[in-house]
Amino acid sequence: MTHFNEINTVAQGNTKRLQKTIPDTMKSFKDLQDAAYKSGALDKKTKEFAALSFAIADKCEGCIGNHVNKLIKLGATREEIAEIAGVAIVMGGGPGSVYGGKALQAYDDATEDR
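Here numbering that gives the first Met the number 0 is used: position 38 in the sequence shown is 37, and no number is missing along the way.
No lab work stands behind these hints, which were simulated from the structure alone. Model, not experiment: these values are computed from the prediction. Each hint should be verified, as a subset may be incorrect.
Label pairs and their computed distance ranges (CB to CB) [said to hold, decoys possible]:
(1) T14 with L73: 14 to 22 Å
(2) S96 with V9: 35 to 43 Å
(3) T76 with H2: 20 to 28 Å
For each residue, glycine too, the CB sits at the ideal point set by N, CA and C.
Starting from the given sequences, assemble the full structure and let the hints guide the process.
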């Protein structure tokens with residue numbers, strides 16, 4: 000069974016590898032992320048929910064864990080994660096239901112020690 004704390008650790012390590020190897024590219028990517036997630040017409044939490052729905056649809060476990068952790072910090076509840084998973088299921092069909100469940104698993108893993 001997947002444990003999202005381990006997935007997040009591996010994903011962060013891989014990102015650090017890229018930052019060391021291609022620092023200019025990764026800095027540009029970080030600047031793009033910062034600009035895209037900045038509050039504007041949509042707040043950060045709404046943007047993170049949108050990102051999570053894409054992460055589920057694209058079946059990116061590292062992305063799921065990352066965006067769930069950010070959503071937890073922004074005050075998201077398990078029920079909100081479940082509803083966004085529901086939207087991803089509608090958009091992604093069967094695969095969305097599998098990876099929507101992984102988003103809930105990521106939330107449970109991230110909050111089990113709190």
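**Request:** Run the structure past the numbered hints and jot down the numbers of the failing ones, going up.
**Result:** Checked against the structure, the only hint that fails is number 2, while the rest are satisfied.
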